[in-house]
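Chemist: Listed below are the residues making up each chain.
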Amino acid sequence: MKILICISNVPDTTTKIRFVNDNTAFDTNGVQWIINPWDELALTRALELKETTGGAIEKVTVINVGTKDTEPTLRKALAIGADDAIRVNTEPKDAFFVAYHISEAVKNEGYDMIIAGIDSSDYNGAAVGGMLAEFLGVPSVSSVSSIDVEGDNVSLKREIDGGSEVIGTQLPFVAIIQKGVAIEPRIPSMRGIMMARKKPLNVVEPVEADALTEFVSYELPQAKAACKMVDPENVKELINLLHTEAKVI
Amino acid sequence: MPVLVYTENWDGKFKKLSFELVSYASEIAKMMGTSVTALSIGNVEQNELKKPGSYGASKIIEVKDDRLNHLINSAYSSIISQVAESEGANVIVFSNNFTGKALSPRVSVKLKAGLVSGVTALPSNLDPFTVQKKVFTGKAFANVVIKSDIKILTLSQNSFEIIETENNATIEAFTPEFTDNDFRTEVKDVTKVTGKVLLTDAEIVVSGGRGMKGPENWKPIEELAELLVAATACSRPVSDEGWRPHEEHTGQTGKIIAPNLYIACGISGAIQHLAGVSSSKFIVAINKDNDAPIFEAADYGIIGDVNKVLPEIIEAVKELKAES
Ligand SMILES: Cc1cc2nc3c(=O)[nH]c(=O)nc-3n(C[C@H](O)[C@H](O)[C@H](O)COP(=O)(O)OP(=O)(O)OC[C@H]3O[C@@H](n4cnc5c(N)ncnc54)[C@H](O)[C@@H]3O)c2cc1C
Numbered sequence: 000m001k002i003l004i005c006i007s008n009v010p011d012t013t014t015k016i017r018f019v020n021d022n023t024a025f026d027t028n029g030v031q032w033i034i035n036p037w038d039e040l041a042l043t044r045a046l047e048l049k050e051t052t053g054g055a056i057e058k059v060t061v062i063n064v065g066t067k068d069t070e071p072t073l074r075k076a077l078a079i080g081a082d083d084a085i086r087v088n089t090e091p092k093d094a095f096f097v098a099y100h101i102s103e104a105v106k107n108e109g110y111d112m113i114i115a116g117i118d119s120s121d122y123n124g125a126a127v128g129g130m131l132a133e134f135l136g137v138p139s140v141s142s143v144s145s146i147d148v149e150g151d152n153v154s155l156k157r158e159i160d161g162g163s164e165v166i167g168t169q170l171p172f173v174a175i176i177q178k179g180v181a182i183e184p185r186i187p188s189m190r191g192i193m194m195a196r197k198k199p200l201n202v203v204e205p206v207e208a209d210a211l212t213e214f215v216s217y218e219l220p221q222a223k224a225a226c227k228m229v230d231p232e233n234v235k236e237l238i239n240l241l242h243t244e245a246k247v248i
Numbered sequence: 000m001p002v003l004v005y006t007e008n009w010d011g012k013f014k015k016l017s018f019e020l021v022s023y024a025s026e027i028a029k030m031m032g033t034s035v036t037a038l039s040i041g042n043v044e045q046n047e048l049k050k051p052g053s054y055g056a057s058k059i060i061e062v063k064d065d066r067l068n069h070l071i072n073s074a075y076s077s078i079i080s081q082v083a084e085s086e087g088a089n090v091i092v093f094s095n096n097f098t099g100k101a102l103s104p105r106v107s108v109k110l111k112a113g114l115v116s117g118v119t120a121l122p123s124n125l126d127p128f129t130v131q132k133k134v135f136t137g138k139a140f141a142n143v144v145i146k147s148d149i150k151i152l153t154l155s156q157n158s159f160e161i162i163e164t165e166n167n168a169t170i171e172a173f174t175p176e177f178t179d180n181d182f183r184t185e186v187k188d189v190t191k192v193t194g195k196v197l198l199t200d201a202e203i204v205v206s207g208g209r210g211m212k213g214p215e216n217w218k219p220i221e222e223l224a225e226l227l228v229a230a231t232a233c234s235r236p237v238s239d240e241g242w243r244p245h246e247e248h249t250g251q252t253g254k255i256i257a258p259n260l261y262i263a264c265g266i267s268g269a270i271q272h273l274a275g276v277s278s279s280k281f282i283v284a285i286n287k288d289n290d291a292p293i294f295e296a297a298d299y300g301i302i303g304d305v306n307k308v309l310p311e312i313i314e315a316v317k318e319l320k321a322e323s
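Keeping their order, the protein sequence lines are chains P and S.
Taken in order, the first sequence gives residues 0 to 248; the numbers are from numbering that gives the first Met the number 0.
Taken in order, the second sequence gives residues 0 to 323; the numbers are from numbering that gives the first Met the number 0.
Be a bit skeptical, because a hint or two may be false.
[Said to hold, decoys possible] To list a few chain S residues with every Cβ distance to chain P over 10 Å, as calculated:
(1) Met0
(2) Met31
(3) Arg183
(4) Glu202
(5) Glu221
(6) Ala257
[Claimed, not checked] Distance windows between CB atoms, simulated:
(7) P:Glu183 with S:Glu295: 48 to 54 Å
(8) S:Phe177 with P:Gly29: 49 to 55 Å
(9) S:Glu163 with P:Val30: 42 to 48 Å
(10) P:Thr52 with S:Ser323: 32 to 38 Å
(11) P:Thr51 with S:Pro244: 52 to 58 Å
(12) P:Lys67 with S:Gly87: 23 to 29 Å
(13) P:Met228 with S:Phe177: 40 to 46 Å
(14) S:Gln45 with P:Ile186: 54 to 60 Å
(15) S:Asp65 with P:Thr51: 33 to 39 Å
(16) P:Ile186 with S:Asn180: 51 to 57 Å
(17) P:Gly54 with S:Asn180: 27 to 33 Å
(18) S:Leu125 with P:Thr23: 51 to 57 Å
(19) S:Ile162 with P:Asp147: 29 to 35 Å
Keep in mind that the hints were calculated from the coordinates and are not lab data.
On a predicted model such as this, the values are computed, not experimentally measured, just so you know.
Even for Gly, the Cβ is constructed at its ideal location relative to N, Cα and C.
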């Protein structure tokens, strides 16, 4: 079985979000870039499966649609343990554009399990995985919280609002994962970092493709009014405020 | 060219968010001078099925099939696309919940329709079609233009008032065409959480962090939640430690919620935690550290020990209930 993991290159989760050019572009100044947290969990689970299923998994590949600037993120994925990487050499415009490029790059490569994160922590599109499945004409299982492999059988757990389901699927398929597939993401070891330098990172040129949406401007949320402090000796006052002022209880 | 809404049900009853969606779609329809069609998939009784009409839908389309008792992404998105085509819908609205996130991307590709997920308000403009959405996990908003003829939106939960209207809706059955490719996944087992308020549906959420010190101290959180008809939630380390189930984890890497009231007990308010809860209408923080960042995000705060404060809150809520 061959596994492909779609990797989004995103600002570190502690980044202070700012915009430039009259609020039309994200300010990348001084930003640390990381593997999207979900994608890191997906990679971690894929490597665990590769190690524990006695040869059932041949290869774990990571793919990113991005310019040369995203290569350190792909190298990090290789250092964590992916076998090879693909970069589609173009600026990602929207989810439709990204999913189409991934489908074009991999449609003849025989991946059995493709994993994407439930959303990307930058533009929160929550769409690449599902769109990719549709472009490839394969099933998708979404909000997946665990993945198990036995021979050629894949068993997944999917969270639904108010419960969960165990799902079996034909291969190939796309798993759109969230919390639970792995608990702690793996971090690269010294040896991993050394080895990553020699692992293949294949650059694929983009195809003709449209974006269907365009991000035209950005806004920051309005600053919150200062927190109203309630005397700990007078807790009743809090309930009173919630009842009469906020009117939420 | 109506606005099409996918109205989801849970055990045969429409979810609250379905009515929120119909209300939202009705306002878009008014802006565009058109009507709203609601689509229901699965078994919903006739009495229930009429309900989207009370929120502005003028037509309700029903698709029933024994194979559709569970969500199957391919089959469901195929149905929605077929209905959208037969109705000539040019705007399709989903919730930005697990189901909406599962289906809307597939429908987007089938119909070559631009998708914007996590929309927070009505379109600010119809030409070009412009909507606002959350980006950077709640830390900012973006204005996004959809360039395709058909537009797909997923609405952030709890971001639009439910508005009741008087409207008589017609109900129509629709028979979709399937291929074998629509049924390549199979649900083998289902676990349902019953008797609890769903975290993503809840108007009030009571949440505990590492400051609760251990799972044995969760009684007051549960008691308060029960009193307020609230859901319970927790911070990531709490679910990582196994103090609470994973479904309760809120934040950047957990559930993103937007209740009317979020009560944070012993939660420091790390940026990743706030990413999941900052859209709550009101936040209450109880923390013994007056420097905890949660107080910057909160509307009301108490500096104190949760073990002492929570029982007093419970008492005060009981008194309030007794009075009213
Ligand atoms: C990539 C990434 C993703 C992450 N995603 C998430 C996420 O989705 N959700 C999430 O929650 N975190 C997430 N985190 C972790 C986050 O950074 C914080 O570590 C976490 O939110 C802290 O949880 P906490 O507030 O429960 O615990 P702590 O930070 O330990 O805070 C406990 C608080 O309780 C207070 N306290 C202690 N005892 C008492 C008492 N008796 N009475 C009153 N107050 C008391 C303390 O003053 C303290 O403020 C993520 C981190 C990373 C790097």
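Chemist: Taking 40 to 46 Å as the hint, is the beta-carbon distance of Met228 (chain P) and Phe177 (chain S) inside that range?
Modeler: 59 Å, violated
Chemist: Within 54 to 60 Å or not, the Cβ separation of Gln45 (chain S) and Ile186 (chain P)?
Modeler: Given range 54 to 60 Å: holds, Cβ gap about 56 Å.
Chemist: Cβ-Cβ distance between Glu183 (chain P) and Glu295 (chain S): within 48 to 54 Å?
Modeler: The hint (48 to 54 Å, Cβ to Cβ) is violated, given that Glu183 (chain P) and Glu295 (chain S) are roughly 28 Å apart.
Chemist: For Glu221 (chain S), which was marked as not at the interface, is the minimum beta-carbon distance to chain P over 10 Å?
Modeler: With a cut-off of 10 Å, Glu221 (chain S) remains clear of chain P, as the shortest Cβ separation is near 17 Å.
Chemist: Against the range 23 to 29 Å, how does the distance between the Cβ atoms of Lys67 (chain P) and Gly87 (chain S) compare: consistent or not?
Modeler: Hint violated: Cβ distance 44 Å, outside 23 to 29 Å.
Chemist: Would the least Cβ to Cβ distance between Arg183 (chain S) and chain P come out above 10 Å?
Modeler: Non-interface label on Arg183 (chain S) violated, nearest chain P Cβ at 4 Å vs cutoff 10 Å.
Chemist: Taking the beta carbons of Ile186 (chain P) and Asn180 (chain S), is their distance inside 51 to 57 Å?
Modeler: 40 Å, violated
Chemist: Take a quick look at Glu202 (chain S) and tell me if its Cβ sits farther than 10 Å from every Cβ on chain P, holds or violated.
Modeler: 8 Å, violated
Chemist: Is it true that the C-beta distance of Phe177 (chain S) to Gly29 (chain P) lies inside 49 to 55 Å, as the hint says?
Modeler: At roughly 52 Å between Cβ atoms, Gly29 (chain P) and Phe177 (chain S) fall inside 49 to 55 Å, so the hint holds.
Chemist: With 27 to 33 Å as the target window, see if Gly54 (chain P) and Asn180 (chain S) comply at their CB atoms.
Modeler: With Cβ atoms ~30 Å apart, the hint holds.
Chemist: Examine each Cβ of chain P, and state whether all of them lie more than 10 Å from the Cβ of Met31 (chain S).
Modeler: 19 Å, holds
Chemist: Does the Cβ pair Thr51 (chain P), Pro244 (chain S) satisfy 52 to 58 Å?
Modeler: Check failed, 25 Å falls outside 52 to 58 Å.
Violation of the numbered hints given earlier is confined to hints 3, 4, 7, 10, 11, 12, 13, 16, 18, 19; the remaining hints are satisfied by the structure.
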